[in-house]
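For the protein sequence lines, the chains are A and B, in the order given. Here the working numbering is used: position 198 in the first sequence is 1248, and no number is missing along the way. Here the working numbering is used: position 16 in the second sequence is 26, and no number is missing along the way.
FYI, nobody ran anything at the bench for these hints, they're computed from the structure. A few of these clues could be false.
[Claimed, not checked] Restricting the straight-line Cα-Cα distance to at most 16 angstroms, the calculated cross-link-like pairs of lysine to aspartate or glutamate (EDC-like) are: (1) K1072(A) - D1121(A); (2) K1106(A) - E162(B); (3) K1106(A) - D38(B); (4) K1255(A) - E1235(A); (5) K1109(A) - D1121(A); (6) K49(B) - D38(B); (7) K1106(A) - D1121(A); (8) K84(B) - D1121(A); (9) K1109(A) - E1235(A); (10) K1187(A) - E1150(A); (11) K1079(A) - E1105(A); (12) K84(B) - E1169(A).
[As the list claims (entries may be wrong)] Quick look at which bits of chain A chain B covers, simulated, 3 or more residues with Cβ under 8 angstroms: (13) 1148 to 1162; (14) 1262 to 1273.
Beta carbons: idealized from backbone N, C-alpha and C, even for Gly.
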Amino acid sequence: MQDAAIELVGVNKWFDTFHVLKDINLTVKSGEKVVICGPSGSGKSTVVRCINQLEKHQKGTIRVDGIELTDDAKSVATIRSEVGMVFQQFNLFPHLTVLENLTLGPIKARGLSRKEAEEKARHYLDRVHIPDQADKKPVQLSGGQQQRVAIARSLCMEPRVLLFDEPTSALDPEMISEVLDVMVELADEGMTMVVVTHEMGFARKVADKMIFMDAGEIVEEGNPEHFFTAPQSDRCRQFLSQILQH
Amino acid sequence: MKKLLMITPLLLLAGCSSSQTWGWYVIDPTKASGWTNVKFLISGMGATIQISLIAAVMSIVIGLLVALPGLSEKRGWRLLNRIYVEFVRAIPLLPMLFWVFYGLPIVFQSMGMNVPIDPFWGAIITLAVSDSAFTAEIYRAGIQSIARGQREAAQTIGLNYVQTMRYVILPQAIRRILPPLANQFIYIVKMSAFASVIGMQELTRRANELVVTEYRPLEIYTLLIFEYLILVLIISAGVRWLERRMGADERG
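Modelling step: build the complete structure from the supplied sequences, incorporating the hints.
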């Protein structure tokens, strides 16, 4: 399976007059893991948010699974059902239990029965290693557990692609690894992933492709080995030396 | 001084029954005629409650329908919301009541429809519409107070707009919306007194009619005030109970 899961061609976006994305070209093949890094404000989150149309791009083409993203609500709905998203702030639904968080999408959007949805939910809770928290409310869980629930919630929709927008940035240091472990397992199972992160250890381990963004542009793109050992651009080299020196 | 101020009205009330100038007998339930009067006054309670309840429910529905376009990203929808809110909010209740009761049937007639508007529905429509401008603003603030990430998360698990509102946003917003909505309900109960001027037989109308025959305004209107007070206190208690229950829900 080497077809393009995600394709961005000449994508541009402005927030009013601020040019956040400049001619972004990016192809993510099915099963590929792409890690995007870069300084804050470089547009890396915006790229990911454009892929599932939480942000609208103004110029260029985005295709997910060959379907072009347009303003048409139907195409957006189709894309969203194919693309899962994990947020920096988890964004779990605080008024629902963990189990209800996981079954809401499958029941309401996919039309599964409650029983089917709950089976699926328990299966994925198992996979993110928190089988015993199903009946708790999100606030009763630690940050790491909440993020793993959020990952399970995305998985319950059985997406073809999972997007991660700085999934560990809001976590206490001791909880980062439990989330990264789950992500590594997903990667090993062949999930197509686009991950915005500063966790370079994780990137080295799973990335097929590294992307460095700065000021709305893709400055550098390459396989991890090349990327970490011999970055081409000064900006990338400088960025890497800053985040890797600790 | 403060104490004296507080005690004075009580003394007045207590002293009244024995005084020549006050006539509490008119609503004295131990006397046959007084009891008849009290029953007559209280019999308006049903209409007041019905009008207020139906108007409040309508206002809650209309308010939500008005609030949603106000939250749209599209300017046209937001403008529609603004126009409704600003316009309706600017109309005093009594003129609107006259317009609905005396004017609206003529509008219908001119369109070839025969829609009679009785005092009951005239009052309800007026109260509901007038209040909906305020409920709409309460909804808007409540919904906007829910973090954007909640809506985004709902979208990414495939929920459409209605589902997102129904299952994710409103259940969270309702806890913040409920106390100000309760205020609005109390407002409706009090404003329902205006229905008396178009002949609706509710609490205030009953009091007015009794005053005309008995000519005891102080005693009768005092009782009237206490009737509203009791209604409002019951609503307050109910809302506090509801809030506690929802709060308990939240903690799971």
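### Query
Hints broken by the structure, by number, lowest first?
1, 3, 9, 11, 12, 14
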